[in-house]
Every structure is written in structure tokens, then in C-alpha cells.
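Below, each chain spelled out in residue letters.
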Amino acid sequence: MKIKPLTENERWILSFYRTSEISGALFFGRLAKSLPPGPIQTDLTKHFADESQHSWFWTRCLQTLNSEPIKLETAYQDQYVAATGMPANIMEVLGITLIFEKRVIGQYALHRQAKELNPEIAKTLDLIMEDEKWHIEWVTKALKCMENEYGADHIDQTLKRFYAADKEVYKKTVTEHEERIQGILKYRKD
Amino acid sequence: MLNSENLKKRMSEVLSVAPELVQDGALLQELVVDSFILIEMVIDLQNTFGVRLNQEDLVEVRTVNDLITTILNKKK
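From first to last, the protein sequence lines are chains A and B. Residue numbering for the first sequence is 1 to 190, as defined by our numbering. Residue numbering for the second sequence is 1 to 76, as defined by our numbering.
In isolation and in its complexed conformation, chain A is listed as follows:
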């Protein structure tokens, strides 16, 4: 079967996803290593493994489409700390993770709707989105379990703050890379 070559913009966005998954894996891996035993350590370790696997999925997808990943210096989440301030405890880390995971699944779902989407990309998006649902589920549950310790209102306020920061980071990213992602931007609702 003849493979339709990727455009440079497609190659860039898949590389951007790959870099973001690698950054997530490295962060969760380090954190999983330093946490004491318990349910959060367990789920964070699985989360780390998933992110790592996702970066492989994007690498494989690019290579199946006769391309290679672009080496990108920064990942989407690198801007988070500048925008939100540094999370200081595990509740804040999970809070920022929840907002980020929602952004990821939203972005992947948006990409999935793109017209004439390459079947290999569609397959990869579907594979990853299945895991992302679990990421949102476990982090939501973990935050719920932390309500006694941190207070439900405090967690809620923290999430609102991170959500506002994420909107800014996403807006900035879209503005910066508009030309590259215009093929899927037209499906954006906000």
C-alpha cells in the first residue's frame, strides 16, 4: 500500500506530541522513584510507563510514515512552571497533571477530527486516548482522597488556578505555532 508522505507541519506536530510524552515520562518516572510506597506511587509508576509508551507510539507512527521525529528543545509542559509557579506538594503536582491531561485528551480528540486524517495517525491517537482516560480517572480519584488532608475547597481553588494558567499556555502555544497546526485548528471550539 502506498503511504501518503507527511507534510512538514504534520511531522512537526507529531514530534511535538512525542516530545511532550517524553517530558511527561521523565517527570513522572523521577517522581515515582522518589515517592514512598502506596497507591499514588503505584498509579504514578503506571502513568510513567504509559507516557513512555506513548512517546514510542509517536516515534513508531512517524517512522511507519517514512519520517523521523524532529528534535525539539522544549515541551508543552515546560511552560507550565513559568505560568503557574512551581507546584510544591503532591496534591499540587496531581492538580497540574489533571489539567494537563485534560488538555492532552482535548488536543488529541481535536486532531482525531481532522479531515482526511492519515489512518496511522488516527490509530495512534485512538491508542493513546484510551490510556489518557485512565490518567484522568486515577488522578481525579487521588485528589478526591486528598480532600481530608488538604481541604476540598483548597484543592478546588488550586485546580481553578491551574486551569486558568493552562488556558494561557495553550493560547500562547497556538499563537506561536498557528501556521503549523492550522490543519486541525479549524475544529477548535474555543
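Misleading hints may appear alongside valid ones.
[Claimed, not checked] In the DSS-like style, the derived pairs of lysine-lysine whose C-alpha atoms are separated by at most 25 Å in a straight line are:
1) K71/A x K4/A
2) K76/B x K33/A
3) K4/A x K74/B
4) K141/A x K167/A
No wet-lab data here; the hints were simulated from the structure.
Got chain A; can you put chain B on it based on the hints?
For chain B alone, coordinates are given in the frame of chain A:
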């Protein structure tokens, strides 16, 4: 035991930097290649020394000594 010396020792271990680099005036951002490692270190220090920090506690923290002072004040 929570004291300045042990905090510096743990910082050096988590950041994988030489102990002599973890000086009072050293800027935390300059000790690491990316800020995600700082997050890991701050969480590790809390788990190791039984302290709880919030994001607001770190707003003014720039140097090793700022972080040590913040943690020691929290424990009081």
C-alpha cells in the same frame, strides 16, 4: 534530623550535584537542568523530613538558603 546541613546533603543527592555546589547563595534554578527536577527535590525533602509546603511558600524562594529557611520555619 531536620537541620540545614542534612537538607543540603539531601538536596545534593536528589539533584545529583556535588555537595560543595549546594551553597547558601546558590540559585536553585542554576543547580538543575530543568525545573521539573526542582519539583521532585522539593517533594522529596518534604517526604524525607516530614514537612508540608504549599505553592505560596515557594513564591519568594530563589536560593538554597531561601528554601532551607522556608522548610525550617514550617517545622517550627
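Hints that the structure is at odds with (numbers, increasing): 2 and 3
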